[in-house]
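> Sequence:
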Amino acid sequence: MDWKKLQHAQGPATRIPQQIETLGDASRAGDDAYFHLTEALVAPGQWFPADAPAAELLANRIRDRAPGLVRALRLLGDMAAGDHLWLVAPAAEEQRKQSSAAAKTFEHASSVASVAEEFLGDEQAALRSAAIFFLALVGGTAVAKKKVADLAEKDPSRPVRAGAAVALGFFSRGGDSDARARLEALPTEGLPGSGRWAGKAIAGLDCTDDEAASGAAGWFTSIDTTLVPWGRGDAGRWVTALLAHSEQRDVVPPAIVRAFAAQGEEDHKRRKAIGELALDLAGFKSQFDQMEVAPPERLSDAQRKTARSLAEMQDIVPGLRWGMPGSSRCIDKWLGLAPPSPLELEVAPGERRWQRTRARISDETSAGVVIDEAMSALTPVERLDVAQELLIGAYKILVQTDGDIPPEAFEQMIEAAGAAGVTWAKSFLVFAAEASRRNDNLFMLTDAHLLAAFKVLLRQGIVVEPEWDDAVGFEPPEDARLVLEAIPEERRSEMILRRLRLLPDLGKGAFIAVLPPVLDLVGSPELIEYLRKLLENPKISEIAGPEIEDQLRAPT
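Numbering (my numbering), first residue to last: -4 to 551.
Any given hint could be a false lead.
What the hints assert, rightly or not - In silico lysine-lysine, DSSO-like type, Cα no more than 30 Å apart, as pairs:
#: 1; residue 1: K267; residue 2: K300
#: 2; residue 1: K0; residue 2: K92
#: 3; residue 1: K99; residue 2: K149
#: 4; residue 1: K141; residue 2: K92
#: 5; residue 1: K280; residue 2: K267
#: 6; residue 1: K280; residue 2: K328
#: 7; residue 1: K(-1); residue 2: K99
#: 8; residue 1: K280; residue 2: K300
#: 9; residue 1: K328; residue 2: K421
#: 10; residue 1: K264; residue 2: K280
#: 11; residue 1: K267; residue 2: K328
#: 12; residue 1: K0; residue 2: K99
#: 13; residue 1: K(-1); residue 2: K92
#: 14; residue 1: K534; residue 2: K267
#: 15; residue 1: K450; residue 2: K421
#: 16; residue 1: K264; residue 2: K534
To be verified - Pairwise CB distance ranges (calculated):
#: 17; residue 1: P533; residue 2: E16; range: 37 to 45 Å
#: 18; residue 1: K280; residue 2: A4; range: 20 to 28 Å
#: 19; residue 1: D367; residue 2: Q546; range: 41 to 49 Å
#: 20; residue 1: K280; residue 2: P520; range: 48 to 56 Å
#: 21; residue 1: A4; residue 2: A404; range: 54 to 62 Å
#: 22; residue 1: L453; residue 2: D296; range: 55 to 63 Å
#: 23; residue 1: Q395; residue 2: D20; range: 47 to 55 Å
#: 24; residue 1: D262; residue 2: S519; range: 27 to 35 Å
#: 25; residue 1: E531; residue 2: E16; range: 39 to 47 Å
#: 26; residue 1: D515; residue 2: T220; range: 44 to 52 Å
#: 27; residue 1: G228; residue 2: Q119; range: 15 to 23 Å
#: 28; residue 1: V138; residue 2: G199; range: 22 to 30 Å
#: 29; residue 1: A404; residue 2: S295; range: 34 to 42 Å
#: 30; residue 1: L497; residue 2: A239; range: 37 to 45 Å
What the hints contain is simulated information worked out from the structure, not anything from laboratory work. From the three backbone atoms N, C-alpha and C, an ideal C-beta is built for every residue, glycine too.
Go ahead and model the full structure; you've got the sequences and the hints to work with.
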């Protein structure tokens, strides 16, 4: 076989035999080979000249029980399917049957279906899962299908039960009435319930909205991807494929967001990816431009629910585009679910202040002019309300203008409001303290802005209330010291301990890094001991930096 003359999705197939051999490598090399082979040999509804010869090599490895069986079964099944993500579409099965290019690849895969059936009883969950995946896409005997149905009901592994339920969906679509009956009878809870929903979606069976919402959301729970071939490790890709032709597409996005948020996942990239998937499924990406903020009256009910659910993952909202308003705090106001700030009030019939302000954004207009537009014809306190909203990202106005409201200007605005400004500053610090306790992302609202509000109150002789303690910032240090000295000594250390305990590890490191200039004011024996313990964690220590460690080496 002259492999260099054969083509696949990425060009000549010269390396295919060696990569197939490498599938048996237990190290990272085997995973890399599987990835590259999938990229080369699996394409939606397409088969290449290299596919059939490669399928023959894979079938021989499976027949010989060569190392790397899990990878080989997954890859050969996907090749025979023309990509399982494509095969879930209602018309895909018939298109595959009519494709002469697919026939030889499918023939090689079918030749080892009986071997795959043997693996359904293997003690390794990963091999049972791979065999189920293979048989779902290639087909099997009535006995094999019954074994898969038994696994859907009784396998000790939840991911394996879920995968078997998906397979029953493929069997049902092919006309197997027994598979359909057993699929319908499966429980609806947890990951196996998500497999049941996916199987019913593939088979074209009716689901309630609640089944669709919980079923789709379940694929985003923490599961071992070595046991879940569906979506090739990407739950978003899998659920998107299942929903592509579903009338229940609208009920799923908010359910996915809520399920993912409930896990407490700290990885910002994963959280943002879920947010963007929800926007895509809800139609934001197809309906709105990247930097557009959608007028709320243009949103569907599903889009409103999706946006509202995303407010629960407030750290990612500033980075979400395609119609979103840039700040989780303003989502309810934008949707009309909370009392408006001046930005949501109409300045003309059908035109809100935020819309007029955004209309001024252009390459020729300075940030200052745009910010002035946002604050025009407002009272001093209303200007403060707008400044607060802009600083936490409202309507992407500061983002798109590359603008800012410096802490010095913010402080002057509070002063200019007189007694009303003092009252406003107190409420502002309550808001900031509550946000701190929730670990909210306040975007461009910095420590210096918080300290500016404290300084105005201190100049008025106002005592720092305990409910404001968690709003104390630490940069610049000279302002932080001024505020901390106005707080009773016993509250200072308690405040630091409380805030540290609420933060994730990465946040702990960043918080500790700003403490050295004020450690003498807050460093109780209890806090010093807690800091030393935290810094034993290398991740926290690296972020915190060496200065704090040097200080902590000194005797207490």
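> Each hint: holds or not?
Quick rundown of the hints versus the structure:
{"no.": "1", "hint": "K267 with K300", "verdict": "holds (17 Å)"}
{"no.": "2", "hint": "K0 with K92", "verdict": "holds (27 Å)"}
{"no.": "3", "hint": "K99 with K149", "verdict": "violated (35 Å)"}
{"no.": "4", "hint": "K141 with K92", "verdict": "holds (24 Å)"}
{"no.": "5", "hint": "K280 with K267", "verdict": "holds (14 Å)"}
{"no.": "6", "hint": "K280 with K328", "verdict": "holds (22 Å)"}
{"no.": "7", "hint": "K(-1) with K99", "verdict": "holds (20 Å)"}
{"no.": "8", "hint": "K280 with K300", "verdict": "holds (16 Å)"}
{"no.": "9", "hint": "K328 with K421", "verdict": "holds (22 Å)"}
{"no.": "10", "hint": "K264 with K280", "verdict": "holds (19 Å)"}
{"no.": "11", "hint": "K267 with K328", "verdict": "holds (22 Å)"}
{"no.": "12", "hint": "K0 with K99", "verdict": "holds (18 Å)"}
{"no.": "13", "hint": "K(-1) with K92", "verdict": "holds (28 Å)"}
{"no.": "14", "hint": "K534 with K267", "verdict": "holds (22 Å)"}
{"no.": "15", "hint": "K450 with K421", "verdict": "holds (11 Å)"}
{"no.": "16", "hint": "K264 with K534", "verdict": "holds (18 Å)"}
{"no.": "17", "hint": "P533 with E16: 37 to 45 Å", "verdict": "holds (39 Å)"}
{"no.": "18", "hint": "K280 with A4: 20 to 28 Å", "verdict": "holds (26 Å)"}
{"no.": "19", "hint": "D367 with Q546: 41 to 49 Å", "verdict": "holds (45 Å)"}
{"no.": "20", "hint": "K280 with P520: 48 to 56 Å", "verdict": "holds (54 Å)"}
{"no.": "21", "hint": "A4 with A404: 54 to 62 Å", "verdict": "holds (56 Å)"}
{"no.": "22", "hint": "L453 with D296: 55 to 63 Å", "verdict": "violated (48 Å)"}
{"no.": "23", "hint": "Q395 with D20: 47 to 55 Å", "verdict": "holds (49 Å)"}
{"no.": "24", "hint": "D262 with S519: 27 to 35 Å", "verdict": "holds (34 Å)"}
{"no.": "25", "hint": "E531 with E16: 39 to 47 Å", "verdict": "holds (45 Å)"}
{"no.": "26", "hint": "D515 with T220: 44 to 52 Å", "verdict": "holds (49 Å)"}
{"no.": "27", "hint": "G228 with Q119: 15 to 23 Å", "verdict": "holds (19 Å)"}
{"no.": "28", "hint": "V138 with G199: 22 to 30 Å", "verdict": "holds (25 Å)"}
{"no.": "29", "hint": "A404 with S295: 34 to 42 Å", "verdict": "holds (40 Å)"}
{"no.": "30", "hint": "L497 with A239: 37 to 45 Å", "verdict": "holds (41 Å)"}
In summary, the numbered hints that this structure violates are 3, 22.
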